[in-house]
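Peer 1: Sequence:
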Amino acid sequence: MDKALGDVLGLAAGVAVSPLPIVAIILVLATPRGRLNGPLFAIGWVVGLSALGAVMLAIGGPAGASTHQQPATWVGGLKLALGVLLVLLGARQWRRRPVDASQQVQLPKWMAAIDRFTPIKIFGLGLALAAANLKNAPLTLAAGASISSAGLPVGQQIASLAVFVIIGSLGLLVPLGVVLFMGEPAKNMLDGWKDWAVRHNTAVMAVLFFVLGLKLFGDGLGILIS
Numbered sequence: 001m002d003k004a005l006g007d008v009l010g011l012a013a014g015v016a017v018s019p020l021p022i023v024a025i026i027l028v029l030a031t032p033r034g035r036l037n038g039p040l041f042a043i044g045w046v047v048g049l050s051a052l053g054a055v056m057l058a059i060g061g062p063a064g065a066s067t068h069q070q071p072a073t074w075v076g077g078l079k080l081a082l083g084v085l086l087v088l089l090g091a092r093q094w095r096r097r098p099v100d101a102s103q104q105v106q107l108p109k110w111m112a113a114i115d116r117f118t119p120i121k122i123f124g125l126g127l128a129l130a131a132a133n134l135k136n137a138p139l140t141l142a143a144g145a146s147i148s149s150a151g152l153p154v155g156q157q158i159a160s161l162a163v164f165v166i167i168g169s170l171g172l173l174v175p176l177g178v179v180l181f182m183g184e185p186a187k188n189m190l191d192g193w194k195d196w197a198v199r200h201n202t203a204v205m206a207v208l209f210f211v212l213g214l215k216l217f218g219d220g221l222g223i224l225i226s
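Quick note: the sequence shown uses the numbering used here, first residue 1, plus one each step.
What follows is a list of derived Cβ distance ranges for each label pair:
1. L221 <-> G183: 44 to 54 Å
2. V47 <-> D195: 21 to 31 Å
3. G183 <-> Q70: 46 to 56 Å
4. I225 <-> I59: 15 to 25 Å
5. R92 <-> I59: 22 to 32 Å
6. R33 <-> Q70: 43 to 53 Å
7. L134 <-> A54: 18 to 28 Å
8. P32 <-> I225: 51 to 61 Å
9. G177 <-> A58: 26 to 36 Å
10. G151 <-> R116: 43 to 53 Å
11. P153 <-> H200: 39 to 49 Å
Hint data in this document are derived by calculation from the structure and do not stem from the laboratory. We treat Cβ as the ideally placed atom computed from N, Cα and C, and that holds for glycine.
I would like the entire structure built from these sequences, with the hints used as guidance.
Peer 2: Now the structure itself:
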């Protein structure tokens, strides 16, 4: 289990450091129903990560992700492919980064309407940003593959996935906890976090794509040639 946790901790940290979802939950918390919508958003996020990871675990068992306590060849191929995908996405993000510090960053149009979202839409937004995100989905699939290929009992697989989900959710849970415990005084602090995340979103994502993509590529290649 220690090896599985070692493999997924870096991936979970990569999921946690997602500027766009952090901006989204700060905007959600700033709405009139923020104390209701914030937890709903976080629950949707946790459900999305958990469901996607569980799907990978369900696939990995019958597909023989672990052979003689070692990752199967197809796990190496999957990690290598996910690594290549993330590196390509990193290159795309880097080309799109603002070259002028004064250049205004364009946020998704749905963010402007977030204060009008119903609780169900807020939950769905958290679910989508977790499970359908171009960075989170490959990282969660890779984490599920690592866990399922470690040859662990089902209980330890579930525990490892839970650790991944908790760490991967810290980027949302920290702002949520700040608001719930500090209330109105937290507004200025969160505004500062939001401004930083908006300004550096593209560059941060590009670096994360590159670093985590190269890690997965190396892991996959190591499995294939071992």
